[in-house]
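Chemist: Each chain, written out:
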Amino acid sequence: MATAQKTFKQQLTKYYGFYTGGFVAFVIVLGILEAMGVTPKVLGYCFLVATIGLYAGIGVMSRTADVSEYYVAGRKVPAFFNGMATGADWMSAASFIGMAGTLYATGYSGLAFVLGWTGGYCLVALFLAPYLRKFGQFTIPDFLGARYGGNIPRTIGVVAAIICSFTYVIAQIYGVGIITARFTGLDFGIGVYVGLAGILVCSFLGGMRAVTWTQVAQYIILIVAYMIPPVWLAVKQTGTPIPQLVYGYQLQKITDREKVLNDAASPAGAKEAEVRKLLKDKAAAAEAALKDPAKAFADGKAAAEKRVADAKASNASPDDIKKAEAALAKFPKDADAAKAQWTKEKGLAARAGPVKAHAEAFAGADDAARDKSRRNFLALILCLMVGTAALPHILMRYYTTPSVKEARQSVFWSLFFIFLLYFTAPALAVLVKYEVYHNVVGGSFAALPGWVANWAKVDPTLMNISDWNGDGIIQLAEIVIGGDLIVLATPEIAGLPYVISGLVAAGGLAAALSTADGLLLTIANALSHDVYYKMIDPHAPTTRRLAIAKTLLLIVAVIAAYVTSLKPGNILFLVGAAFSLAASGFFPALVCGVFWRRANKLGAILGMSLGLGVCIYYMVKTYAFFGGVAANEWFGISAISAGIFGIPAGFLGVIIGTLISPAPSKDVQELVDHVRYPNLEGDINTQGT
Amino acid sequence: MQLTQKHQEYWSRNLKITALLLFIWFFVTFVVGWFSRELAGVTVLGFPLPFYMAAQGSLIVYVAIIWYYARYMNSLDIEYGVHEGEE
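In order, the protein sequences belong to chains A and B.
Quick note on numbering: the working numbering labels position 273 of the first sequence as 273, and the sequence is numbered without any gaps.
Take the position in the second sequence, starting the count at 1, then add 1000; the result is the number in the working numbering.
Hints listed in this document are in silico derivations from the structure and should not be mistaken for laboratory results.
We put the CB at the ideal spot given by N, CA and C, even for glycine.
A hint or two may mislead.
[What the hints assert, rightly or not] The calculated lysine to any residue pairs, modelled on SDA-like cross-linking and capped at a C-alpha distance of 20 Å, are:
| no. | chain 1 | residue 1 | chain 2 | residue 2 |
| --- | --- | --- | --- | --- |
| 1 | A | 457 | A | 497 |
| 2 | A | 253 | B | 1049 |
| 3 | A | 666 | B | 1007 |
| 4 | A | 259 | A | 442 |
| 5 | A | 372 | A | 622 |
| 6 | A | 372 | B | 1034 |
| 7 | A | 621 | A | 574 |
| 8 | A | 666 | B | 1011 |
| 9 | A | 6 | B | 1083 |
| 10 | A | 259 | B | 1046 |
| 11 | A | 9 | B | 1046 |
| 12 | A | 356 | B | 1037 |
| 13 | A | 280 | A | 464 |
| 14 | A | 236 | B | 1046 |
| 15 | A | 372 | B | 1037 |
| 16 | A | 457 | A | 40 |
| 17 | A | 259 | B | 1037 |
| 18 | A | 253 | B | 1041 |
| 19 | A | 333 | A | 372 |
| 20 | A | 344 | A | 331 |
| 21 | B | 1006 | B | 1082 |
| 22 | B | 1006 | A | 669 |
| 23 | A | 76 | B | 1085 |
| 24 | A | 666 | B | 1002 |
| 25 | B | 1006 | A | 595 |
| 26 | B | 1016 | B | 1082 |
| 27 | A | 277 | A | 288 |
| 28 | A | 236 | A | 438 |
| 29 | B | 1016 | A | 673 |
| 30 | A | 259 | B | 1041 |
| 31 | A | 253 | B | 1045 |
| 32 | A | 277 | A | 263 |
| 33 | B | 1016 | A | 596 |
[Said to hold, decoys possible] Covered stretches of chain A, as calculated for chain B (at least 3 residues, CB under 8 Å):
| no. | region |
| --- | --- |
| 34 | 369 to 380 |
| 35 | 402 to 410 |
[As the list claims (entries may be wrong)] Here are a few chain A residues that sit away from chain B, every Cβ distance over 10 Å (derived from the structure):
| no. | residue |
| --- | --- |
| 36 | 42 |
| 37 | 150 |
| 38 | 292 |
| 39 | 332 |
Using the sequences and the hints, build the whole thing.
Modeler: This is the structure:
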């Protein structure tokens, strides 16, 4: 067995080595084709078809009819490769495309996501991964069911797993739709189903086994795609090809520039203040008009008409008449349109503030605001970290290694591979910001940099630039940048050919698909394994178990795609909420299950329901989407960090429930010993088959 | 299945290293994070220290914590004879 595993690992290394080489060659060939005049749209299709075809190919090759292969890839995934698969599983479209944008917009406070989504792996390593591997079943509710006994803990686990994973998977499919639509020109709705086909071909045939080997392939694509543009940009700006090492100095220059732009005494700062004042006035006028929209509309229209009449009556120059007529033509058609326009203009106030300091921690007007910002920053980090250590689709990955020893090593590789992307994202944000602050701001509207002009034309939601004060010079307050632009436009900013833009899109697609794969599998497995096999029909033959598992996967996938195509709002909030929910619902019961022998069924039931209950209660009371108001907040903690109250409630529930009921049976206590020691003499065997 | 003295010792050593590493994790994340404004004057590689820690330093510490834990526990398994056989 040992030698077989070793040969297997060598083969894998060889295959993926060839694969990486092949992929690089593919990109080079496309680059040559581009130089020969192939259009970007064709290149986009090439990437889409080639990568989805590749994932499908791996899926077909990994098809299986074996239960252990289907659920846990036969438990023979070496630590290194499981780390890559976990990295792809973990890093979603939000990490790949959204993260750098968030960091660009929010500076220091956005780093809560970088910390939260990496530090959580310390908790996975120290509290869960090795013990779950020793337990060696198929799903996370499995552990809850075996450790605490009875169907109630398992059922709560299934419900929690489905809630967290489903909200999360919708965001992924949404990302797939956006990327496919952008790079091929297909409609968003069609993009969703094309992506879905890519996801299904893979997981449907081979379950965890196919998903694992596809995720390794996807990791390689996404990390290569993510790294190239910032490296190039760093060379262009500083001459050094290691962006992570040199961006501190760029950050210093940005900080100096921020001071100049905020200083109304300097020439550039005075211009900025002028634009900000225009924005502020416009917003104030819109706000005033909105107090009585019907009257404001009638007055505004009458005034515009009067100006045209006056101009004509006073024999003004044709130019002035034209101007007045144009202003009348631009005036909203009816009161509703006017209201919509004013509501939009009211939002300009958000742009009228001074430039935010990128590097400053907990910026705020006074000490109270700074303290609140600090509390929220740290609370969000804790929720994201604990949530990371409780998301079923990640924990499940540590069932697939050959041993406890490799499970421990595998957490290291997982975080290492995740770290590569997460410590590059802040660098990317700073480098792009440097470019905007130094090479765009202060330039002339007549000669916009190519990438600015290009993106402003392609997608005004990502890049919007207009000369507010009419001086022909670009001020920072005149630029609006959408978060996703940072990653998507970097290849152009760095002066790379379009083929690299296609590569970045393929990377984003890989990130979204790989996460969606893992999540869909988690949901379908919770239903087929935990609900059907463990609770409804424990004697079901293997073939029927697999048939049910695959049917459910299909149904869940279609439902998820349907919900996504409705474009539900507040996706980012829902993703954040999934972390708080997982942290409050799962973490206390899982950790106590290993570290507290006395913890029992009532404790688990009470802990999980109390944790989830407090978390949901807080979100509903404080988040506008559910009809809550921010005034209900405790200590000013925002709804996304509801877990900060849910986690202690969960632990309290486990402790109280346990202490008021008898200690668990001897069998359960033996199970605890069993998971604590990688190998015991006369040990019981819990490994699922 | 009866746990021996040795087994108890293995578990308590595991708890000790877990507690120690958890403390380091807590310190770099929450203690350093709490004092971010106070530490802003210190500069590393051109960064203000708090920004550096949140963007890079703490991440490196996390990777190191997990690496060390895996190494320590895998050798502890062998020392106490609870390692998995070659199967």
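Chemist: Can you list which hints this structure breaks, lowest number first?
Modeler: 11 and 19
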